[in-house]
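Student: Residues per chain are reported as follows:
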Amino acid sequence: DSGVTQTPKHLITATGQRVTLRCSPRSGDLSVYWYQQSLDQGLQFLIQYYNGEERAKGNILERFSAQQFPDLHSELNLSSLELGDSALYFCASSVGDRADGYTFGSGTRLTVV
Amino acid sequence: AQSVTQLGSHVSVSEGALVLLRCNYSSSVPPYLFWYVQYPNQGLQLLLKYTTGATLVKGINGFEAEFKKSETSFHLTKPSAHMSDAAEYFCAVSNNRKLIWGLGTSLAVNP
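Going line by line, the protein sequences match chains D and E.
Position in the first sequence (from 1) plus 1 gives the number in this note's numbering.
If you count the second sequence from 1, position 62 lands on 55 in this note's numbering, and the numbers rise without skipping.
A portion of the hints provided could be inaccurate.
Reference excerpt, derived from the structure (chain D facing chain E, CB under 10 Å, subset only) [stated by the list, open to error]: (1) Q7; (2) Q38; (3) G59; (4) F70; (5) A100; (6) Y103.
Calculated lysine-lysine pairs in the BS3-like style (CA-CA distance at most 30 Å, straight line) [said to hold, decoys possible]: (7) D:K58 with E:K42; (8) E:K42 with D:K10; (9) E:K62 with D:K58.
The set of hints was computed from the structure by calculation and includes no laboratory data.
All residues carry an ideal CB built from backbone N, CA and C; glycine is no exception.
Go ahead and model the full structure; you've got the sequences and the hints to work with.
Tutor: What follows is the structure, encoded as structure tokens:
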């Protein structure tokens, strides 16, 4: 157990729907990072939050949004889902706001049908 | 811009043989470099990292990597492969806010 908790582990939903993925960082970590992993594009950085504030943005679609709450857990919202959104979504956390080593959760596997 | 190239998307070795996974990077600033391992249906686990100081970095599970600035490389090695080393390995370079990832190398270990 890495200490980073992601729920749910698996999610199957239909095109056009909206889902929310949840991440609880490791105790003491203030930064949360979201990544998408797919076979054709590899690991893609989506967004980073540090202590409730957005710190960095990557290849995140406008249909996707995220936030970090006062208790430091984070949610990634995916809307108007398309087949191509099927992927593994990982959350990672770190103590500071620099990318000097993350702890990853075990991921949420999203399947859009 | 920073980038990472992992040479060889698939590497196969025999149990007990040397493991060598290649990683080259480009960076306009002194890099932080990382190797992560991903076992099937699991998240990524940090194997080792280079930030500053000693260029030979030792990690978990007997792996080590050497930062060679002149060659812009950070190759991962292990003297003797175990069956349990079969996994996907990712090299990454940090640009401070995020990690830039290689596409990964799948390591197969044959009995």
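Student: With reference to the structure, classify each hint as holding or not holding.
Tutor: Quick rundown of the hints versus the structure:
1. Q7: holds (8 Å)
2. Q38: holds (9 Å)
3. G59: Holds, because the Cβ-Cβ distance from G59 (chain D) to chain E comes to roughly 6 Å (cut-off 10 Å).
4. F70: Because about 21 Å separates F70 (chain D) from the closest Cβ in chain E, which is outside the 10 Å limit, the hint is violated.
5. A100: holds (4 Å)
6. Y103: holds (7 Å)
7. D:K58 with E:K42: Holds, at roughly 23 Å.
8. E:K42 with D:K10: holds (28 Å)
9. E:K62 with D:K58: At roughly 29 Å apart (the allowed maximum being 30 Å), K58 (chain D) and K62 (chain E) satisfy the hint.
The structure shown violates just one earlier hint, number 4.
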